[in-house]
Structure formats: structure tokens, C-alpha cells
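Novice: Protein chains in written order, with this note's numbering: chain A, 1 to 114; chain B, 1 to 114; chain C, 1 to 114; chain D, 1 to 114.
Be careful, since some hints might not be right.
[To be verified] Taking lysine-lysine pairs in the DSS-like style, the calculated list, with each CA pair at most 27 Å apart, reads: (1) D:Lys-39 <-> A:Lys-64; (2) D:Lys-100 <-> C:Lys-87; (3) B:Lys-87 <-> A:Lys-100; (4) D:Lys-76 <-> C:Lys-109; (5) A:Lys-39 <-> C:Lys-32; (6) B:Lys-64 <-> A:Lys-8; (7) B:Lys-8 <-> A:Lys-76; (8) B:Lys-109 <-> A:Lys-100.
[Said to hold, decoys possible] Derived Cβ-Cβ restraints for the label pairs, each shown as a range: (9) B:Glu-113 <-> A:Leu-105: 42 to 50 Å; (10) C:Gln-57 <-> D:Asp-59: 48 to 56 Å; (11) A:Lys-32 <-> C:Arg-60: 20 to 28 Å; (12) B:Asn-66 <-> C:His-107: 19 to 27 Å; (13) B:Asp-35 <-> D:Asp-59: 22 to 30 Å; (14) D:Gln-65 <-> B:Pro-49: 39 to 47 Å; (15) B:Glu-113 <-> A:Gln-65: 44 to 52 Å; (16) C:Glu-113 <-> B:Asp-35: 26 to 34 Å; (17) A:Gln-65 <-> D:Glu-113: 42 to 50 Å; (18) A:Lys-112 <-> B:Ser-53: 29 to 37 Å; (19) C:His-107 <-> A:Glu-61: 36 to 44 Å.
[To be verified] Not the full set, but computed from the structure, chain D residues with beta-carbon under 8 Å of chain C: (20) Val-10; (21) Tyr-21; (22) Pro-49; (23) Phe-50.
The set of hints was computed from the structure by calculation and includes no laboratory data. Each residue gets a CB set at the ideal place from its N, CA and C atoms; glycine is no exception.
4 protein chains.
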Amino acid sequence: MSVTPRDKAVFEAGIKLGALYHQFVGSPISLKTVDSLEKAIAQSISVQPFVRSITVQIDREMVKQNLSAFGYTELKGPMLTVDAVIKYENYEVSVGMALKDGYPLMHVKDVKEV
Amino acid sequence: MSVTPRDKAVFEAGIKLGALYHQFVGSPISLKTVDSLEKAIAQSISVQPFVRSITVQIDREMVKQNLSAFGYTELKGPMLTVDAVIKYENYEVSVGMALKDGYPLMHVKDVKEV
Amino acid sequence: MSVTPRDKAVFEAGIKLGALYHQFVGSPISLKTVDSLEKAIAQSISVQPFVRSITVQIDREMVKQNLSAFGYTELKGPMLTVDAVIKYENYEVSVGMALKDGYPLMHVKDVKEV
Amino acid sequence: MSVTPRDKAVFEAGIKLGALYHQFVGSPISLKTVDSLEKAIAQSISVQPFVRSITVQIDREMVKQNLSAFGYTELKGPMLTVDAVIKYENYEVSVGMALKDGYPLMHVKDVKEV
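Please construct the entire structure, taking both the sequences and the accompanying hints into account.
Specialist: Spelled out as C-alpha cells, the structure:
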């Protein structure tokens, strides 16, 4: 079966989420720095090819609960809610990452021809 | 358009390559440690869901050329050649990462129904 | 020889620079996102224990020269100039990372009793 | 106060632990791949300047307890026990990382003149 533009669009979307997760999970974080980390992650991924839009939210309640005796924690996968739209040729793919059943799951929400 | 098993298969393949790249690029490396890093990267990604097979090759010539005055360098994207097969439901996706036009490009090589 | 507060102060300073480098090098970046990445890196490291102050500068000229055909690049070690002050008990340690002889070198600039 | 060889030795030791942690934490891992990841981490850090020796142990029981429904987990800080000896000029510094009070703490164990 030949590889279609739709395949490539969805493939690119997967790359972005895998990259985001493994680049930024582990970053030191506190309640005061959540904003700047959210912004930097979203902007960083947005410069990659085919990224149409991206939003990154870090669960402040979870950051709070994870604060160590030293007043900080690390960004963990379950803290992340990500929504992104990737466009490749005439395909627009909506993907996301969110906590489900205790795991940070990545999923394809929609693929449309535009 | 609804999301198909084929979409999910290709999406999962993208996740794996994005993860591999951003987890391991930057690792200190020398000619003596190329073998163990190749093996660890391949094994690490192989434990993720839907990975059927994966091979990772690090260009030893490029490692050699990049060695600093201290006798080591860091794993860089262009040093990597990766081939992986991801299987999701009845779709098998072959993907790869390789140097092309100076950049480490990720690509879908084949999608087949099995 | 017993471990002194001065040893611990300098050790903590080393940890911070090693962490910064290996957490954030590899992040996708373009000229438009340099500001947010600089800020997020500095804030992220600042939440770790004993960090008194930190400044992070990313060389925009180098970002520009490294832009791929896709209009972005990755944060690389040589692009970084970092200055940080770590305080542990009564020792204040000034450390930095900067390009020297082609390599991003980390160094202790000063240790003082306060 | 001028910076001494002893300061530099301890600083280099800190760099190595910070680097190790933020480079490799987050790597996908299962019971079958613990061995290769331990080996690759130790070898990777061993190529950096001034590293005399290093051992890396990943707590298999903790890996087991953290396995997801998909049969794998990620390397987390508390799973790591690291011991390293750094030598700079005539100073040999023994450092380690180990779980203490629930946190993966890095510490200087000994500094000696050799």
C-alpha cells in the first residue's frame, strides 16, 4: 500500500507529541513557573514543521500535590494536557495528550480534509 | 472523517520516533560506548506499545569526526539511522529516520494490512 | 578528608548546570521563541534548591545561522551563556557556562564566604 | 576567595550527576531492558571528562511496581542508585545518588587528596 498524505499528516502529529513528552518531562517546576514552562513548551513545538496550533496546560493542582520538601517538583506526563493541530498537504489532524485511567495517553481526535 | 486503525498505527509510529529523538539525543558518547547506546535506545523504544521491531545505528565515522578535545561527543540527530515496524490492529507501519540533505528526517516507508 | 559546606555548595552548582544542559538542549527553537525558552529555562532551574539567581542567554545569531530549511533549529550547547549563583550555608558560588574554544564549557567563577 | 582544584573537582562531580539525571530519566523501560539501560547510562557518563568510575543500578522491584497496563514504565529518579568517582588534578571525589526520605538525593560522600 502506498503511503498517503493522510498517513504523513498523522505521522507528523505523532512525532510532535512524542518529542514534546520526552523533551520536557523532567523539567523542574513550581507553581510560580508553570506559566513560563507551558508557554515555552507550546512555542517550542509550534516551530516544528506542519504545526498549525498547539496549547499546553499543566495541572496546577497536581504540581501542588507533588511539591517536595524543597518546594518544587518535576514536570510529569500525567500533569500535561496538550491539544495540537497538524496540517500536512490537505489533511488537518487534531491530536491530544491527556490523563486517562491514570496514564498520560496520546490520541488522534480527528482527521479532516481541508 | 472518523479516525481509522490505519491512522492510529501511523500516529503510534510517529510518537516512537519523536520520543527516541528527544530522549536520547544529547547523550554523551565515544567510540567505545556506541554499541551500548545503540542497544539501549533500541531496547528502550521496543518496550513501548505496538513496537514490533526496531534497529538503531549510530554513525561511527560521524562520532569520530565530532570527538572533542576531551575524547567524546554527544549523540546528534544526524548520527542516527533508525528503522522500526509498528503494528496496530491489522496495520503494520514501517518508519525510519535517516540523514537526508543534511537533516535527520523521519519518514513513513510503508503501510500494509496484515 | 571530611566533606565541607564549601564542597557541598560547589557540588550543588555543578548539578544545576548539568541538569540545565541535558534537560533543555535539543528543544526546538526559532528566532520567535528564543525569549520564551530563555525565560522558561532560567525559571525552571531557579526552583531547584540553593539557586540564588540565574540568567540564561541564547545566542540569536547562532540560532539564525542554524535555521534549517524548515525555519527552525534545536537548542545546542554552544548557543548558551548561563550565569548562576548558588548559595549553600555560608558559601556563595558563582558559576557559568559559555562557549570557549568551540565548546560550551562550564566553570566556577568565584566562591565566597558570606 | 580563589577557586581551588578541590572546588573544581567537586563541581565536575555535580555536573555529571545533574547530566545523568536529566538525560536519562524518562527513558521507557521494562524488566527485560533494565540491564542494557544501566550499562548504557554508566558508559555514557563515563566518557565525560574526569570520570574515574561509575556504577548505575536501577531498582528492579520499583520498575516492576510501576509497570503500566502496557507492560512498561519510565525511568524515574527514585529508581536510581548511582556511585561515581571523579578525579580532577590531585582530588578524588566520591559522589552518589540514592533514594532518601522519598527523594532521589545527590550527595558528596568523600573528597580526598591523592
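Novice: If a hint holds in the structure, say so; if it does not, say that too.
Specialist: Results for each hint:
| no. | hint | verdict |
| --- | --- | --- |
| 1 | D:Lys-39 <-> A:Lys-64 | violated, 35 Å |
| 2 | D:Lys-100 <-> C:Lys-87 | holds, 22 Å |
| 3 | B:Lys-87 <-> A:Lys-100 | holds, 22 Å |
| 4 | D:Lys-76 <-> C:Lys-109 | violated, 32 Å |
| 5 | A:Lys-39 <-> C:Lys-32 | holds, 12 Å |
| 6 | B:Lys-64 <-> A:Lys-8 | violated, 34 Å |
| 7 | B:Lys-8 <-> A:Lys-76 | holds, 24 Å |
| 8 | B:Lys-109 <-> A:Lys-100 | violated, 31 Å |
| 9 | B:Glu-113 <-> A:Leu-105: 42 to 50 Å | violated, 25 Å |
| 10 | C:Gln-57 <-> D:Asp-59: 48 to 56 Å | violated, 39 Å |
| 11 | A:Lys-32 <-> C:Arg-60: 20 to 28 Å | holds, 27 Å |
| 12 | B:Asn-66 <-> C:His-107: 19 to 27 Å | holds, 22 Å |
| 13 | B:Asp-35 <-> D:Asp-59: 22 to 30 Å | holds, 25 Å |
| 14 | D:Gln-65 <-> B:Pro-49: 39 to 47 Å | violated, 19 Å |
| 15 | B:Glu-113 <-> A:Gln-65: 44 to 52 Å | holds, 45 Å |
| 16 | C:Glu-113 <-> B:Asp-35: 26 to 34 Å | violated, 47 Å |
| 17 | A:Gln-65 <-> D:Glu-113: 42 to 50 Å | holds, 46 Å |
| 18 | A:Lys-112 <-> B:Ser-53: 29 to 37 Å | holds, 32 Å |
| 19 | C:His-107 <-> A:Glu-61: 36 to 44 Å | holds, 40 Å |
| 20 | Val-10 | holds, 5 Å |
| 21 | Tyr-21 | holds, 6 Å |
| 22 | Pro-49 | violated, 10 Å |
| 23 | Phe-50 | violated, 11 Å |
Figure legend: structure checked against the earlier numbered hints; hints not met, in rising order: 1, 4, 6, 8, 9, 10, 14, 16, 22, 23.
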